[in-house]
Amino acid sequence: LRQPWSHIGIDFATDLPASNSFTTILAAVDRFSKTCKLIPLKGLPTALETAEALFNNIFRHFGIPEDIVSESLNSFPG
7 LRQPWSHIGI DFATDLPASN SFTTILAAVD RFSKTCKLIP LKGLPTALET AEALFNNIFR
67 HFGIPEDIVS ESLNSFPG
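Using this note's numbering, the letters of the sequence shown map in sequence onto residues 7 to 84.
Check the hints yourself; a few may be wrong.
Unchecked claim - Per label pair, the in silico range of CB-to-CB distance:
(1) Ile70 x Asp17: 13 to 23 Å
(2) Thr29 x Asn62: 16 to 26 Å
(3) Leu54 x Ser78: 15 to 25 Å
(4) Ala24 x Gly69: 29 to 39 Å
(5) Lys48 x Arg8: 31 to 41 Å
Hints are computed from structural coordinates only; laboratory data are not their basis. Just so it is clear, the structure is predicted and the values come from calculations on it, not from any experiment. The beta-carbon is built from N, C-alpha and C at its ideal position, and this holds for glycine as well.
All chains should be built: construct the whole structure from the sequences, respecting the hints.
In structure tokens form, the structure reads like this:
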């Protein structure tokens, strides 16, 4: 863990009360600095939608991490 956003953890908070049609939050945590970015989503995303959300909100600002860890994700819908 040498630089910010080189190792991240992700998880989803689902089935939240709707706010502007958003019911899910993708939480991305930088394991170096412990900074957390919360990305609102309109439901549980597919793998492609997750990749797009991470690219648009994390990777384009901080670069592509060396690894991404998620303890709760076994598979993606659709």
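Consistency of the hints with the structure:
no.: 1; hint: Ile70 x Asp17: 13 to 23 Å; result: 19 Å, holds
no.: 2; hint: Thr29 x Asn62: 16 to 26 Å; result: 19 Å, holds
no.: 3; hint: Leu54 x Ser78: 15 to 25 Å; result: 19 Å, holds
no.: 4; hint: Ala24 x Gly69: 29 to 39 Å; result: 33 Å, holds
no.: 5; hint: Lys48 x Arg8: 31 to 41 Å; result: 35 Å, holds
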